[in-house]
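Chemist: Given the sequences, and given the hints that come with them, work out the whole structure.
Chain order of the listed sequences is S and X.
Here the numbering used here is used: the first residue of the first sequence is 1, the next is one more, and so on.
Here the numbering used here is used: the first residue of the second sequence is 1, the next is one more, and so on.
FYI, nobody ran anything at the bench for these hints, they're computed from the structure.
Treat the hints with care, as some may be off.
To be verified - Here are the simulated EDC-like cross-link-like pairs (lysine to aspartate or glutamate), alpha carbons at most 16 Å apart as the crow flies: (1) K165(X) - E43(S); (2) K7(S) - D222(X); (3) K226(X) - D8(S); (4) K52(X) - E35(X); (5) K7(S) - E3(X); (6) K28(X) - E3(X).
Stated by the list, open to error - To be clear about the criterion: a stretch of chain S counts as covered by chain X if any three or more of its residues have a C-beta under 8 Å from a C-beta of chain X, and this derived list gives those stretches: (7) 4-12; (8) 100-113.
To be verified - Chain S residues, not near chain X, derived (Cβ > 10 Å throughout): (9) E17; (10) I24; (11) K29; (12) A41; (13) E62; (14) Q70; (15) T75; (16) R85; (17) K88.
Just so it is clear, CB atoms sit at the ideal spot from N, CA and C, and this is done for glycine as well.
Listed below are the residues making up each chain.
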Amino acid sequence: MGLDFDKDKPIYQQLIERLSGDIIRGVRKPGEKLPSVREYAIEVGVNANTVQRVYREMESMELTETKRGQGSFITENEERLRQLRDSKKTELVKSFIANVEAFGFSKAEIVDLVRREIT
Amino acid sequence: MIELKNVKKAYGATKALQGINLTLGNGKIIGIAGENGSGKSTLLKSIAGVSKISSGSILIDGKPVCRKNAEEIAYLPDADMFYSYFTVQQLFFYYKSQYTDFNETKAKEVLDFLEVSQTSKMKNLSKGMRGRAKMAATLGRESRYYLMDEPFSGLDPMVRGDLVKGLIQFTDLERQTLILSTHEIREVETLLDELVLLKSGKVLAHRQLDEIRDETGMDMVDWMSKLTKAGAAG
Numbered sequence: 001m002g003l004d005f006d007k008d009k010p011i012y013q014q015l016i017e018r019l020s021g022d023i024i025r026g027v028r029k030p031g032e033k034l035p036s037v038r039e040y041a042i043e044v045g046v047n048a049n050t051v052q053r054v055y056r057e058m059e060s061m062e063l064t065e066t067k068r069g070q071g072s073f074i075t076e077n078e079e080r081l082r083q084l085r086d087s088k089k090t091e092l093v094k095s096f097i098a099n100v101e102a103f104g105f106s107k108a109e110i111v112d113l114v115r116r117e118i119t
Numbered sequence: 001m002i003e004l005k006n007v008k009k010a011y012g013a014t015k016a017l018q019g020i021n022l023t024l025g026n027g028k029i030i031g032i033a034g035e036n037g038s039g040k041s042t043l044l045k046s047i048a049g050v051s052k053i054s055s056g057s058i059l060i061d062g063k064p065v066c067r068k069n070a071e072e073i074a075y076l077p078d079a080d081m082f083y084s085y086f087t088v089q090q091l092f093f094y095y096k097s098q099y100t101d102f103n104e105t106k107a108k109e110v111l112d113f114l115e116v117s118q119t120s121k122m123k124n125l126s127k128g129m130r131g132r133a134k135m136a137a138t139l140g141r142e143s144r145y146y147l148m149d150e151p152f153s154g155l156d157p158m159v160r161g162d163l164v165k166g167l168i169q170f171t172d173l174e175r176q177t178l179i180l181s182t183h184e185i186r187e188v189e190t191l192l193d194e195l196v197l198l199k200s201g202k203v204l205a206h207r208q209l210d211e212i213r214d215e216t217g218m219d220m221v222d223w224m225s226k227l228t229k230a231g232a233a234g
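Modeler: Encoded structure:
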């Protein structure tokens, strides 16, 4: 049934992260229609009020637009999509740095290793 | 809206409910949790008008619970309430004769969704299948409130998952409210808007689930057991 959720984080936030991730990965494209509240609720196995909140918050984050009587659509605003991508990238890299620093690795050796691993 | 004011219920010397004050808003899915014997079933029975309270008042949309507004509430009891020789179809026929709000088409849709055959006899169905048939009969009613007492108890996880999906699909929160009791919060965590936690016939807490996760960063089960233990110490 549905998705697995972290038990200690609000479900609406986890769904926003999931949908944002879909947008960044290109699984959901700019201008594409999101499923209806009901459809998405059934798909992920949560209550319709939660999905309603997800769509409302994503609209206020300007990640989606609601067209009256038609539903929610992913924004086509390229600037906003670039911001979304950048903030995810920054978040991932910052958490990586925090992790390696916690183990006491030096910046130089990490940068060196990353460069070697990536090529 | 359902309002309970200082509701008490005693069975002989046993005090099942000891002064419940509770307001349950419309358009939500609300869970009633608590240890065995905390008063969950009695609370639901009292709201459904199946069990008479000893004192206090229960209002459904401003009107006291009585035979007349029984139409507003579709109650699914924990125990089997059916004649075991009924087929599922006969069960629906019986519901139709008892409840004017019973929509046979919807009940059959739920049954199809949950993959139960209409011609099976209730007594020949497995516990899981019987649970599904009971749920189909209940959701077949176009009531404003659905009250379900432990709808998933004793069912295996796969059946629970299907029933959770059925509940999402076949309730319309724009005009209906779903209240269900459970002693296993895990199985309904993603479904609930709010949780009422009972202990010894009293309300220990009534909160929104996302609020609890947000504020405490705690898992629902940890939060409940912390609260229940603190309640016991106090």
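Chemist: Each of the hints needs a verdict: does it hold here or not?
Modeler: Now for the hints, and whether the structure bears them out:
At most 16 Å may separate the alpha-carbon atoms for a hinted pair to count; K165(X) and E43(S) meet this at roughly 8 Å. Annotation: proposed proximity of K7(S) to D222(X) holds, straight-line Cα distance about 10 Å (limit 16 Å). A hinted pair counts as satisfied when its Cα atoms are at most 16 Å apart, and K226(X) with D8(S) qualifies at roughly 15 Å. For the hint linking K52(X) to E35(X), the alpha-carbon distance of about 23 Å lies beyond 16 Å, and the restraint is violated.
As the CA atoms of K7(S) and E3(X) are separated by approximately 30 Å, the hinted pair breaks the 16 Å bound. Using a Cα cut-off of 16 Å, the hinted pair K28(X) and E3(X) holds, with the two alpha carbons roughly 15 Å apart. For the stretch 4-12 of chain S, the assignment as covered by chain X holds, since 7 residues bring a beta-carbon within under 8 Å of that chain's beta-carbons and 3 suffice. As drawn, the stretch 100-113 of chain S meets chain X at 0 residues by the rule of a beta-carbon pair under 8 Å; below three, the given contact is violated.
No beta-carbon of chain X comes within 10 Å of the beta-carbon of E17(S); the shortest separation is about 14 Å. Interface exclusion of I24(S) from chain X stands, the closest Cβ pair being 24 Å apart, more than 10 Å. Annotated as non-interface, K29(S) keeps its C-beta farther than 10 Å from every C-beta of chain X; the closest such distance is 27 Å. A beta-carbon of chain X is positioned within 10 Å of the beta-carbon of A41(S); the least distance is around 5 Å.
With a cut of 10 Å on Cβ distances, E62(S) stays outside the contact zone with chain X, its closest approach being about 22 Å. The non-interface label for Q70(S) is consistent with chain X: the shortest C-beta to C-beta separation is roughly 18 Å, beyond 10 Å. The claim that T75(S) is not at the interface with chain X holds, since no C-beta of that chain comes within 10 Å of its own (minimum 25 Å). Consistency note on R85(S): stated as away from chain X, and its beta-carbon is indeed over 10 Å from all of that chain's, at 26 Å minimum.
The claim that K88(S) lies off the interface holds: its Cβ sits roughly 21 Å from the closest Cβ of chain X, which is beyond the 10 Å cut-off.
The structure shown violates the earlier hints numbered 4, 5, 8, 12.
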